[in-house]
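> Now for the letters of each chain:
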Amino acid sequence: MRARLPQSARFLPWLVSALLLWTGSMAASQTLSVQPLRVIGSLPATDWEAYRFRFVEDNGRVVDTANGQISHSEGQGYGLLLALAAADRRSFEQIWNFTFTELLIRDDGLAAWKWDPNGKPRVTDRNNATDGDILIAYALAKAGSAWQEPRYTKAAQNLARAIGKSTFARSGRSLVLLPGAQGFGSGERPDGPVVNLSYWVFEAFPVLAALAPEYEWDRVWRDGVLLLQQATSGRIRLPADWISLENGLQPKPADGFPPEFGYNSLRIPLYLLRAGMTDLEWLRALKQRWSAESEGVAVVNVVTGQVRERLNDRGYGILPAALACALEGTPVPAPLRAFEPGHYYPSTLHLLAKSLLGEKYPQCV
Amino acid sequence: MRLVGSAITIAVLILGFAAIAQQTGPGGTRTPAETPPPPTPGSPPAAGSQPQVDESALRYFASQGDTRRVNAEIARLRALYPNWTPPSDLSQLSAGAAAAPDPIVERLWNLYREDRIAEVRAAIAERQASDPNWKPPEELVTALETVEARRRLINASDTGQWRTVLSVATESPNLLTCMNVDVLWRVAEAFARTDQPTRTRDVYTYILTNCSNPGERLATLQKALTLLPEPQVADLLQFERKTGETPDDFGSIRDELARRRVERASLDSKTIASAEDLAVVERLIRNTNEAGPVLILGWYNFHHGNPARALELFKTAIDRNGGTKAAEGYAMSLRALNRLAEAEAFAYEWRERAPENMKIYLDVATALLSQDPPPRLEPQVVARIVPVVMAQRFSDGAQALGWYAYNTEQIRTARDWFRTALTWKADDEPSAYGLALSTQRLNERAAFNAVVAQWRNRSQRIADLADGVVPATARQPLAPRTLASTPVETAPTLVQPRSTPRPMAVERVEVEQPLPRTEQAVRRRQSEARSALGRSCAMTQNPNRLSGDSALTRGWCLMEINRPLEAVAAFDQAMATGSSRVREEAAYGKSLAYLRKNLTSQAAIAAAEAPQTRARQVELGASILTQRALAAYRDKRYVETLLALSERARLVPEQNDLLLIRGWSYYNLGQYADAEKVFRAVQRTGYSEEASAGLNAIREAVSPVN
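As you go down the protein sequences, you meet chains H and R in turn. All letters in the first sequence, in the order written, are residues 1 to 365 by the working numbering. All letters in the second sequence, in the order written, are residues 366 to 1071 by the working numbering.
Please keep in mind that the hints were generated in silico from the structure rather than gathered at the bench. All values derive from a computational prediction rather than experimental measurement. It is possible that part of the hints are untrue.
With a straight-line cut-off of 20 angstroms between C-alpha atoms, the simulated EDC-like cross-links for lysine to aspartate or glutamate are [what the hints assert, rightly or not]:
id : chain 1 : residue 1 : chain 2 : residue 2
1  : R       : LYS500    : R       : ASP547
2  : H       : LYS154    : R       : GLU536
3  : H       : LYS154    : R       : GLU510
4  : R       : LYS500    : H       : GLU149
5  : H       : LYS120    : R       : ASP547
6  : H       : LYS120    : R       : ASP914
7  : H       : LYS165    : H       : ASP255
Hey, can you work out the whole structure from these sequences and the hints?
Here is the structure:
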């Protein structure tokens, strides 16, 4: 399976870097590109205040309430992005201060991923998580230009370079994003390289490419899309959270992880919508599966199709609603429009979806 | 490593060492004028007499004319730094304060003092968002950056991110002052962890030259002890301040260095410790209740020809809960004093506590048995030695038991012990000699000829025996060749088939003889067989007519009288006709029978003929692989030897004799580094002549003696 790619123009490469894809199961071709978001000003202050009050401490720590009150680089990245969406410069600075002093301490310039208030030292796992790094860098880059703050832009650039240097890896003819700088490569696991498709925060790629153009962001983005299409071409049409690329173009669930479309992968459609990549055929199939008449949002075994857990929190419920809005213009049902903080993760997804709807689909809300 | 390189340059510049800066060469873009900007600009440049106190908030309040807060801050700083005196220029600052204090700035300083740094940052950002022209005070920004840098540096050092530590230190020279000795220590460690010990020493030198807190100065040397080579630590002692208000006392560091020197000398008889150093350790013994220094002095005396004093010291160490090490030293001292009976009794009590204690017990027991003339030993002494030697498969012990039996006219028992010793250590010439003597005495011509055939080219005395040069009938005034006098061979070359030692009568006391692991089950079966059939199985008969159970019993019976090939036929019949339990037993028996004939492949096949319990699988597997390894070794197929050993090591731990085979295999394959590792590992379990021989051989092979 090969992608035929038109030569991109020299300027605005991301807007026109259209991509024609054929997959085995798809006869139709698609044109995909990232439609940039403004982010700032897309989230109502009341929603953000409720989130901040529940999840952000005075020292700028975003707390994962369902996970032993720990913090992680992903949470800090989401916190930054949502503070920017709410145009809350104060909180953005606060969250950044914690992120900078507590997590951005690795020799390679990436963020340590796990911070536990009861740990000693409190960084209890110094490994990075590449999605956290991308989210932090992306939020910093967007904030740097929105608020004309060179400190943020510089930090975003340093992080973007570190990501390009340490987490891009060749896999056969592809260039993929490793979930961490250590432990996932082809030489580091028998079934390596292992990747996680939900670590491709698609909207961030063109932004970070502009800051660290010496790395092949375009190609990693493209190969991520191809990989997603391959991983969703099977009978169940859902990717596993953790995928082994040991067999190159035939992705399979990675060893040691449940073969599940789980909490990680739930984010993939949200990221696709946020990046404006709505033409991807898989989104239609997913909308069908997630519809109320069908099984809804759930953790699903990608081999058997069996549902392990249905997810009823509004933060998950808004995902199919956002899909229906983006694909068919269906208004978001009223109960899903109101935000009430629950656990950290669904609350975060809820606000990310709300900020997208607020900016791009105001007619649905 | 651009980052670290520049970090060195700048850190060195910061530390103000002109001489060292020269070594780092060009690249330092900053000038020495940027050396530690003291937080108190008015204070004399020769810092050190006074702790460097963060006066930025104080100065701000003074500049705002806020006397109440100035006084509160002075009180706070005095509480933190008792020796600190407020700067004299505060009144000038307040005199210049014309504008009314900015309430927001005041709030920021208050947050800063409460260490709520993120909130200070947030408030600045918020203020700037509403008033783009507003700027926070310069001192506040510097103070924030310094605190943030310190946090990052500490977090990075806590998680071993040493390059981050160095780059933060480079970017924040403000941090590198006596006020932050902890930061300086962390930078010093970062240099050490990135292989720049000279820079580590420079940082410590900076602290000892400039910083005045005596506790921190002593702690600096304690850090140095963990990170620097001892001569460099000794060098740092020159900075001890003997005068002044708070003189240093680096005595504990000197003691530690002396203790370490004696410790090194205590393990090496060629190194002599100085009288001063020995006196330090004596003093440490007097002044503490620790066993540590007692043990050091004990080993020093042991290895420097004074076992009597060592014995006293090890006794003291045992009383101070010195544990297995103390017991080992005590037993070794008794042995060195030739008080072997006492040594054996003492070491026996400790033998299970640690491998070293087992080693010394076996050593002492062997020495006890090997005395010339043969001692008259209490029956219970021999009775307790035997099971330990068997369980540990200690070939020198088996050899010593052989000589002991031989010299007490128990020739059959002696013969079996020599066989056992050879099974465990194939190249043991003294055991082969003992076996030759015993078989000759017993007039077992075939057995005698077999030994001679195998050994006559390698042992003159065995050849002489065969040629009748020495009569073997007379009682041999044997000086049994113990471990220490075993001739060093470059490589063991022969492995003898395993044999079954028989019970040894000692002073007419029947000693129950545990058998090698694989044979234990046989021995159990033997008693059953005996009761069932007596010796009737010795009569040749066709097993095909027997039922499964009877065939099984006959198989075990034949094993007992050592006719393994006939036993195989009986076990086959049992397998053909018996129940599943009988089939399992029979497959097991058949494997053992083949093992006894050294028919390893057949044994492996038989083991697979019926499902076995996990324990038996391991037992058979290990035995089969042992024999396979030894056979391969005998045929000089060293790669196969190593393969078999590795497979075996997955089932059961590799004992020393097989480790030696492994070592020699590596040696013969020219893999000297691997061989050396193995021999060293063996040596670490206790002194081993064979391992030393291996190490010598490697040394010769690697750098041939001129």
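> So, for every hint listed, does it hold in this structure?
Cross-check of the supplied hints:
{"no.": "1", "hint": "R:LYS500 x R:ASP547", "result": "violated (32 angstroms)"}
{"no.": "2", "hint": "H:LYS154 x R:GLU536", "result": "holds (15 angstroms)"}
{"no.": "3", "hint": "H:LYS154 x R:GLU510", "result": "holds (16 angstroms)"}
{"no.": "4", "hint": "R:LYS500 x H:GLU149", "result": "holds (14 angstroms)"}
{"no.": "5", "hint": "H:LYS120 x R:ASP547", "result": "holds (17 angstroms)"}
{"no.": "6", "hint": "H:LYS120 x R:ASP914", "result": "violated (65 angstroms)"}
{"no.": "7", "hint": "H:LYS165 x H:ASP255", "result": "violated (26 angstroms)"}
Violated hints for the displayed structure, listed by number in ascending order: 1, 6 and 7.
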